[in-house]
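Taking the hints into account, I'd like the entire structure generated from these sequences.
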Amino acid sequence: DAMVIQNPRYQVTQFGKPVTLSCSQTLNHNVMYWYQQKSSQAPKLLFHYYDKDFNNEADTPDNFQSRRPNTSFCFLDIRSPGLGDAAMYLCATSSTLGHQPSGSPHTLDTQYFGPGTRLTVL
Amino acid sequence: DAKTTQPNSMESNEEEPVHLPCNHSTISGTDYIHWYRQLPSQGPEYVIHGLTSNVNNRMASLAIAEDRKSSTLILHRATLRDAAVYYCILRETNFGNEKLTFGTGTRLTIIP
Numbered sequence: 001d002a003m004v005i006q007n008p009r010y011q012v013t014q015f016g017k018p019v020t021l022s023c024s025q026t027l028n029h030n031v032m033y034w035y036q037q038k039s040s041q042a043p044k045l046l047f048h049y050y051d052k053d054f055n056n057e058a059d060t061p062d063n064f065q066s067r068r069p070n071t072s073f074c075f076l077d078i079r080s081p082g083l084g085d086a087a088m089y090l091c092a093t094s095s096t097l098g099h100q101p102s103g104s105p106h107t108l109d110t111q112y113f114g115p116g117t118r119l120t121v122l
Numbered sequence: 001d002a003k004t005t006q007p008n009s010m011e012s013n014e015e016e017p018v019h020l021p022c023n024h025s026t027i028s029g030t031d032y033i034h035w036y037r038q039l040p041s042q043g044p045e046y047v048i049h050g051l052t053s054n055v056n057n058r059m060a061s062l063a064i065a066e067d068r069k070s071s072t073l074i075l076h077r078a079t080l081r082d083a084a085v086y087y088c089i090l091r092e093t094n095f096g097n098e099k100l101t102f103g104t105g106t107r108l109t110i111i112p
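Respectively, the protein sequence lines represent chains A and B.
So for the first sequence, the numbering used here puts the first residue at 1; every next one is plus one.
So for the second sequence, the numbering used here puts the first residue at 1; every next one is plus one.
Heads up, a few of these hints could be off.
[Unchecked claim] Capping the alpha-carbon separation at 25 Å, the derived lysine to any residue pairs in SDA-like fashion look like this:
hint : chain 1 : residue 1 : chain 2 : residue 2
1    : A       : K44       : B       : E92
2    : B       : K99       : A       : N56
3    : A       : K52       : B       : N23
4    : B       : K69       : B       : P40
5    : B       : K69       : B       : T101
These are calculated hints, taken from the structure and not from any lab test.
Rendered as structure tokens:
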């Protein structure tokens, strides 16, 4: 089945040590998102890529960066993790009008989420 | 994005219908009403969405008030697997603007 894959599912890093989380998708969707979800809170959008165009949310800290080397992969880099960055990080994809893969059963404009990576900062 | 208001939690008995309400009194004419749910230890998943008319799919039904200021997600026969946090989200589908702004959601507990 086409899907959104996040590796690893659990990541432990040390305070201040850079960490990279990865996301891949087999849906051939043109939009990819990164959300942060802290314990008992709702997911919060950090940024998204619309094709190759990077869109940062206004309140996303500079400590968070992202790369999208191709359609299938997207990375979240945390340059100097703090204790407050411990959270679940969710990757999602969507397809906008004109980019819907032919024959795909998926619905335009809906987002498809991966299982998340739970980051622990020691 | 316009805001939504949902009860923090609800309980329902297994195999009974569940009606999850959402208020969105400041909805604009172009806002779509989306519902997602998040099962424990998983990412959110799309449930259903609509604009003005009621909608049905294999997972649920969405009933939208005539003035569009409220909506109700209906699970026709709840199972234990439906225990999740349900998010009602307003989304303005602009080309290139695909944000989802999650509110606090409703935590649904299913009683066996």
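Okay, the hints, checked on the actual structure:
{"no.": "1", "hint": "K44/A with E92/B", "in the structure": "holds (17 Å)"}
{"no.": "2", "hint": "K99/B with N56/A", "in the structure": "holds (11 Å)"}
{"no.": "3", "hint": "K52/A with N23/B", "in the structure": "violated (36 Å)"}
{"no.": "4", "hint": "K69/B with P40/B", "in the structure": "violated (29 Å)"}
{"no.": "5", "hint": "K69/B with T101/B", "in the structure": "holds (18 Å)"}
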